[in-house]
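Undergrad: Note that the protein sequences, when read in sequence, are chains A and B.
Under the working numbering, the first sequence has 49 at position 49, and the numbering climbs by one with no breaks.
Under the working numbering, the second sequence has 420 at position 92, and the numbering climbs by one with no breaks.
With the Cβ distance kept under 10 Å, some of the chain A side facing chain B (calculated, not the full set): (1) Arg8; (2) Ala98; (3) Ala238.
Hints listed in this document are in silico derivations from the structure and should not be mistaken for laboratory results.
No residue lacks a Cβ here, since even glycine has one placed at the ideal position from N, Cα and C.
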Amino acid sequence: MRDFRYTRASDIDSAVRAGRSSNAKFVAGGTNLIDLMKGAVEQPEELIDVSRLPLDRIEPLVDGGLRIGAAVKNSDAAAHPLVRDRYPLLSQALLAGASAQLRNMASMGGNLLQRTRCHYFYDTAFKACNKRSPGSGCAALEGERRMHAILGASERCIAVHPSDMAVALAALDAVVRVRGAASERTLPAAEFHRLPGDTPERDTNLEHGELITAIELPASRFGANAHYLKIRDRASYAFALVSVAAALDMQDGRVRQARIALGGVAHKPWRARRSEEMLAGKSLDASALRAAAEAALLDAKPYPDNAFKVELAKRAIVRAVLVAGGAA
Amino acid sequence: MQTAAAGAALGAVQQAQGQAIVPEQATAKAPATHTMSFTLNVNGRPYALELEPRVTLLDALRETLGLMGTKKGCDRGQCGACTVLANGRRIDSCLALAVAHDGDEITTIEGLALAGRLHPMQQAFVEQDAFQCGYCTPGQICSALGMVAELEKEGLPLDDATVRERMSGNLCRCGAYPNIVAAILKAGRAA
Chain A
1 MRDFRYTRAS
11 DIDSAVRAGR
21 SSNAKFVAGG
31 TNLIDLMKGA
41 VEQPEELIDV
51 SRLPLDRIEP
61 LVDGGLRIGA
71 AVKNSDAAAH
81 PLVRDRYPLL
91 SQALLAGASA
101 QLRNMASMGG
111 NLLQRTRCHY
121 FYDTAFKACN
131 KRSPGSGCAA
141 LEGERRMHAI
151 LGASERCIAV
161 HPSDMAVALA
171 ALDAVVRVRG
181 AASERTLPAA
191 EFHRLPGDTP
201 ERDTNLEHGE
211 LITAIELPAS
221 RFGANAHYLK
231 IRDRASYAFA
241 LVSVAAALDM
251 QDGRVRQARI
261 ALGGVAHKPW
271 RARRSEEMLA
281 GKSLDASALR
291 AAAEAALLDA
301 KPYPDNAFKV
311 ELAKRAIVRA
321 VLVAGGAA
Chain B
329 MQTAAAGAAL
339 GAVQQAQGQA
349 IVPEQATAKA
359 PATHTMSFTL
369 NVNGRPYALE
379 LEPRVTLLDA
389 LRETLGLMGT
399 KKGCDRGQCG
409 ACTVLANGRR
419 IDSCLALAVA
429 HDGDEITTIE
439 GLALAGRLHP
449 MQQAFVEQDA
459 FQCGYCTPGQ
469 ICSALGMVAE
479 LEKEGLPLDD
489 ATVRERMSGN
499 LCRCGAYPNI
509 VAAILKAGRA
519 A
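Please take these sequences and the hints and turn them into a complete structure.
TA: Here it is as structure tokens:
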């Protein structure tokens with residue numbers, strides 16, 4: 001690992017000031033960043049440790065929502081009574097990610113900023129990676145594409161975002177609160193991450209030096225009927241082939257509103273808004289569910305290696321919604 | 329991790345050999361151009377360290393403090409062999425910077441036995457034959473202790489399925505999983 005300067009930020013203002021330096025990065029748990037630094041994928045000259053900033057609280061908001069500080073550990077968020085009670089989808093998604101050790105280290109803000117696990121991004125022996133080295137090409141396009149995107153990819157990058165948590169946050173209409181040098185702003189979780197387009201080196205819509213301070217969840221009617229379904233190559237501790245965050249607002253056996261987001265299929269958590277609209281007002285019958293699932297994958301563009309993900313995603317949507325609705 | 333960080337750790341070993349540093353030693357230094365001073369409280373004993381910020385907690389424990397019980401498996405957070413307890417919580421020490429744990433209480437496998445008696449979790453691993461080669465065992469045991477505390481705090485049951493899921497961050501290439509689960513259930517239920 002290349003040497004770097006290490007500073008522990010004493011307060012948010014000084015962290016944000018230090019973060020403006022061009023080759024500085026914030027670090028909290030470090031579970032992804034340190035790993036990438038060991039592989040020379042990331043080579044920051046300065047790390048600003050934000051893990052001890054006073055951003056470690058989980059507090060209810062007056063409008064019935066919940067604010068989770070960016071430095072809260074993934075395991076603490078997953079186990080928090082208010083998260084378990086009001087946002088079980090988030091708790092389930094957090095617990096589906098990584099291992100218990102990593103969840104004890106990883107922060108909420110850092111989880112959002114983890115980078116793709118595309119092997120060609122991770123392994124610097126492959127010179128062509130537009131995400132790692134803009135303009136160098138994409139080794140995955142001609143390589144092993146089993147884990148790669150089936151929705152929203154570009155000819156520059158077919159990587160997928162690995163976070164489970166972010167999929168749940170997109171479904172729950174969460175908001176990411178960030179602090180920049182001059183001001184504070186919020187980004188909807190569903191628009192926090194980007195599609196690759198011509199700039200796959202940018203994973204998110206954060207500007208350099210902006211610090212995530214909190215994740216805010218709106219008051220939710222989706223607490224009682226939620227399910228995070230993760231399909232992976234082994235029963236635990238693996239990244240998703242496909243995952244589905246499904247949450248329903250049910251009344252008299254019918255769906256008032258549905259929230260569905262997919263993981264493992266695109267460069268960002270993929271909100272299936274068309275499917276959500278199709279389920280509104282419906283009961284959970286097989287044909288309505290299958291039609292909604294088909295709609296989510298209408299634009300899928302798979303490769304032979306990952307074509308299985310299309311049908312897998314459809315079936316995962318059906319099952320996740322059924323379980324969320326208490327019908328399976 | 330064949331990098332300069334490993335070189336710094338090697339330097340520490342050479343110095344350690346020259347001075348016959350043992351784990352009981354209260355201070356250990358690595359010769360390096362760019363170091364930081366910080367303290368780790370390891371198994372109840374404070375150590376004043378002077379290390380480059382890139383040195384991981386795992387390397388500081390093994391190479392600087394000479395505590396070889398914590399194992400380096402993948403060194404990338406995938407196998408759990410390096411699991412230790414930091415302020416009572418299990419973490420992968422290979423992905424933790426030592427300097428980031430300034431002031432923290434670190435418990436390694438060497439810190440579990442009391443007055444010459446194995447910790448009940450260690451004893452259960454022996455009795456249940458919960459290892460073959462033993463390389464993953466220190467990490468398995470530290471992880472198991474962290475897990476039992478987590479389940480208790482969260483009000484979750486200590487049962488077969490929960491143990492298998494919550495211990496998935498500790499790989500055993502000998503495949504001793506059935507006996508590992510049995511040992512954890514035995515010691516955890518007795519606790």
